[in-house]
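**Q** Spelled out from the first residue to the last, the chains are:
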Amino acid sequence: MKWPWRKRYDELDEEIRAHIEMSAHEREERGELAEEARAAARREFGNVGLVKETTRDTWSYVWIERLWQDVRYGARMLRKSPGFTAIAVLTLALGIGANTAIFSFVYGVLLAPLPYHDASRLVVLNETTPRVGTVSVSYPNFIDWRSQSRSFSQIAYIEQVSFNLAGASVSRPENIQGDSVTPNFLSMMGVRPFLGRDFEPAEGNSGTQRVLLLGYQLWQSHFFADPNVVGRSITLDGNDFVIIGVLPPDYRSLDRIDVMLPIGVWTTNNPSAARRGDRGDSTVVARLAQGTSLAQARAEMEGIAASLARGYPEENDQFGVQLRPIRDAFAGNLRTEILVLFAAVMFVLLIASANVANLFLVRGAARTKEIALRMAFGASRSRIIRQLLTESFVLAFLGGTLGIGFALAGIRLITRLIRQDTLVGASIGLNGAALLFTAGVVVLAAFVFGMAPAVHWAKRDVQGELKEGGRTASVGAAQNRLRGILAVAEISLALVLLAGAGLMLKSLYRLINVNPGIQPDRVLTMEMYLSSQRYSHDPAVLNFWRQILDGVRALPGVESAALGNHIPLTGRHGRTDITIEGMALPKPGSFPHPDIHTVSPDYVRTLGMVLERGRTFTEADNDTAPLVALVNDKLARQYWPNEDPIGKRFMWGRFNPASKTPPKWITVVGVVGDTKMYGLANPSRLEVYAPLQQDADDDMDLLVKSQLDASALTSEIRGVVAAVDKDQPIFAIATMNKIVSDGVAAPRLTLVLLGLFSALALILAAIGIYGVISYSVAQRTHEIGVRMTLGAQRLDILRMVLGQGGKIALVGIVVGIVAAFGLTRLMSGLLFSVSAGDPETFAAVAGLLVLVAIFACYIPARRAIRVDPMIALRYE
Amino acid sequence: MKERYRNRIELLQGTLDLLLLQTLRWGPQHGYGISRAIQSQSGDVLQVDTGSLYPALHRLERKKWIAADWKTSENKQRVRVYRLTAKGRTQLADERSRWEQLSCAIAGILNAAKKEFET
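First to last, the sequence lines map onto chains Z and A. Using numbering that gives the first Met the number 0, the first residue of the first sequence is number 0, and each one after it goes up by one. Using numbering that gives the first Met the number 0, the first residue of the second sequence is number 0, and each one after it goes up by one.
Okay, chain Z solo, but in the shape it has when bound (with noise of 0.2 angstroms):
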């Protein structure tokens, strides 16, 4: 390639020759011998590299040149060293390629701007009480929120809702989902339908007409994206709702949403609409006025909660106020994980650029007597540091490449591991974000490992270089200084992240060995919800589910099927307070708030739960039949310590004193142990199981426990179902064991993460300090061949040699054992039972550290001890 400075280049070595040349001949004129003028003369000009070299500087495109010079020279230098370069390369690639895998994540799940206007302002509002913690806000209690509060200038009502969708729309019948909002809800986000109107304010008044808006997704899949959709209508549970527009595309939920609502069709359909003390699936979103702040809604809230409070005791009784930034409600439970596993592979990004670093070091070791050489010839001590400075960018360059190749692996990787509704709708890909951090965390590793030769050559002496060959203890000793202390930073920065990740271990080893109170082996799960059109009353969805229950108990290979509304660890649940007979009236927030059950017969014994004493229901548990409920252990011990439970009697709701209508007691006929019902790591609660025949209920979930295998059973299942009723829908199949380990999954995932990234800096550290050791016991073969002449064993240069890596080792693991100290703190809240600083887990790390470390300097040892003391002396 021929470049445009080239010719400049030829013509500025021309100049100088003739100015040479000239200067000679002038020389010879005087009557100088021909040689002796030409030398005379070359000696008066001085250092035609350095002349050329300051000459060039003046050039204004003269840095393109130097680079595109610098560039080849330093590609040329890595190809000469393949192995070094290979192991560099990769190194920085695999630090890279993590740290931009783990910051998509953090950017999409915390970074990425939420498509609403002005997020920031936004807030997300729930009740709390102190014997769940947060809870739904009931609509009455919004209704006086928005009148009293003026903290907000908008505030929004929104309450999920699920539908049945069956017809000539879709091949099977299906359960879609959404929200019904208050009409302000969309123009508040900043939200402006695909296609259609937004909602009327009419439409949140009960009585309206049957509206919604579809989901961008619904829209494709099920209208074909017809443009002409508005008008149209879609029938959901059997009522018919005009299609008033479509949600954009990028519209971003807490929740799947199919299809949205105004709050006016929830309103009507709803009389639970209508009860304060009534808390479904609901939260508030605000918009902070102008001039307010967090702290000031949060204040002028609370009051408004506590005189709530006083003002309805009985349905708000100890209920307060939640409020959060939205970003917090969308980044969830992953907030620690993800910044946990961020701090982790910064840490082994440091690692690799320590590495790297010592491997330059090393190198430029080697190559002192080259870059000697180059300064004699006149380039100049800052023309060198950047051209070392620029080779470290060509590494920095080809790793971050092949980076964002394991980066683009790992995100596929980790979102394929990872539960998609964990991530509330964040899109995490390789983005400009990402790609812009990796950039910088390349020229920064390129910056830190470039500047340790850098620096260490800004300092040398050229001339010394040159007579001793660049092979002397004195040019080692502070550069041996400084690869012990980056080999140290190594082991501390592999410590800390070992230990990060054997609290994960021992961690995620006590929440799996936690007994959920079920043996999920073997049972399916699937939900159905009836709608009310079809199933109006309690014979008829009693009728089905009998129907149901029959069907699938007759399928071959089936050895029980059971039917309960809330199963553990899948979320869904249902409370109420309840009154144990003759216990003293306590306050109304203070009365039992028990998880509540509606089972069928096989439930117990179904889901593998314990019957501890007593009995479980049958058939004869009917409508007719006495009113009878289990209760689980937890239960028991509280309200009837040293007691038999079995006899006792409790109510729904709160005894009324003054009530002239008796109380409906309900007579305990057994107790079941605990379950999880809110993830293994949670304490369990009160519960209450009642029979179906005497607590119906349109939305259960169908156990199925068998030998067969889950697609098959679940086909059959979808026979039976269809045979019952061809509109049913069926959904949310999965396996117990799929549940019960889906809990586990983020706790798992943040484990395998940080597994690898620690036995990645464990194998980066070894690398780091057996480099060293190594480095150092062939400077010192000469030493050591003295030392053995004059005596020294085998054994006390196995010593010697051990002895320096085992400074570096122990001073590394102290260092780490402090930093981990404070660090691990950070994830306590990622901790089931293991404290942050727990000592087992310290000191196993560090013994591995320990060995690792002697494994690593016992290979270079082994080398020492090997030396012929007659070749080493030899060997200057």
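If you are wondering where the hints come from, they were derived from the structure by calculation, not from laboratory data. Where is the CB? At the ideal position from N, CA and C, for every residue including glycine. Where hints are given, some of them may not hold.
[To be verified] In silico lysine-lysine, DSS-like type, Cα no more than 25 angstroms apart, as pairs:
hint : chain 1 : residue 1 : chain 2 : residue 2
1    : Z       : Lys647    : A       : Lys70
2    : Z       : Lys659    : Z       : Lys505
3    : Z       : Lys725    : A       : Lys86
4    : Z       : Lys737    : Z       : Lys675
5    : Z       : Lys586    : Z       : Lys633
6    : Z       : Lys663    : Z       : Lys633
7    : Z       : Lys647    : Z       : Lys663
8    : A       : Lys75     : Z       : Lys51
9    : Z       : Lys647    : Z       : Lys633
10   : A       : Lys70     : A       : Lys86
11   : Z       : Lys647    : Z       : Lys659
12   : Z       : Lys6      : A       : Lys62
13   : A       : Lys62     : Z       : Lys647
14   : A       : Lys63     : Z       : Lys6
15   : Z       : Lys586    : Z       : Lys659
16   : Z       : Lys675    : A       : Lys75
17   : Z       : Lys633    : Z       : Lys675
18   : Z       : Lys675    : A       : Lys63
19   : Z       : Lys6      : Z       : Lys79
20   : A       : Lys62     : A       : Lys86
[Unchecked claim] Output of the computed footprint for chain A on chain Z, the stretches with three or more beta carbons under 8 angstroms from beta carbons of chain A:
hint : segment
21   : 10-23
22   : 40-48
Fit chain A to the given chain Z structure using the hints.
**A** Leaving out everything else, chain A in the frame of chain Z:
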């Protein structure tokens, strides 16, 4: 290596530029010629170091105060010859008057000091 240059008499910033422009006032000249001219005209007091000369020539060329052409010398050598441009002529006048001001000022100070010393 750096020290070698540091030990030489360094011309005041901008002085070399003035000398170069002034030398080229007598006609186009190549680098070697310029350095010889400065040396002889200063009575061998000033010796322009090649490490300063060529960067300065190229810098002035970039500023378009001087221009360069390739010519063939008496002994059949291709040489790069610099000449003063119109812009360079103006610049030379400026630099000159600035230099005169400066030397006047310095002379004034030195004379004052001399008088003080004498009294």
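**Q** Are the hints correct? Go through all of them and say.
**A** Hints versus structure:
| no. | hint | verdict |
| --- | --- | --- |
| 1 | Z:Lys647 - A:Lys70 | violated (119 angstroms) |
| 2 | Z:Lys659 - Z:Lys505 | violated (57 angstroms) |
| 3 | Z:Lys725 - A:Lys86 | violated (95 angstroms) |
| 4 | Z:Lys737 - Z:Lys675 | holds (15 angstroms) |
| 5 | Z:Lys586 - Z:Lys633 | holds (22 angstroms) |
| 6 | Z:Lys663 - Z:Lys633 | holds (23 angstroms) |
| 7 | Z:Lys647 - Z:Lys663 | holds (13 angstroms) |
| 8 | A:Lys75 - Z:Lys51 | holds (24 angstroms) |
| 9 | Z:Lys647 - Z:Lys633 | holds (15 angstroms) |
| 10 | A:Lys70 - A:Lys86 | holds (22 angstroms) |
| 11 | Z:Lys647 - Z:Lys659 | holds (23 angstroms) |
| 12 | Z:Lys6 - A:Lys62 | holds (20 angstroms) |
| 13 | A:Lys62 - Z:Lys647 | violated (103 angstroms) |
| 14 | A:Lys63 - Z:Lys6 | holds (20 angstroms) |
| 15 | Z:Lys586 - Z:Lys659 | holds (21 angstroms) |
| 16 | Z:Lys675 - A:Lys75 | violated (100 angstroms) |
| 17 | Z:Lys633 - Z:Lys675 | holds (12 angstroms) |
| 18 | Z:Lys675 - A:Lys63 | violated (84 angstroms) |
| 19 | Z:Lys6 - Z:Lys79 | violated (29 angstroms) |
| 20 | A:Lys62 - A:Lys86 | holds (9 angstroms) |
| 21 | 10-23 | holds (count 10) |
| 22 | 40-48 | holds (count 3) |
Hints 1, 2, 3, 13, 16, 18, 19, counting from the list given before, are not met by this structure.
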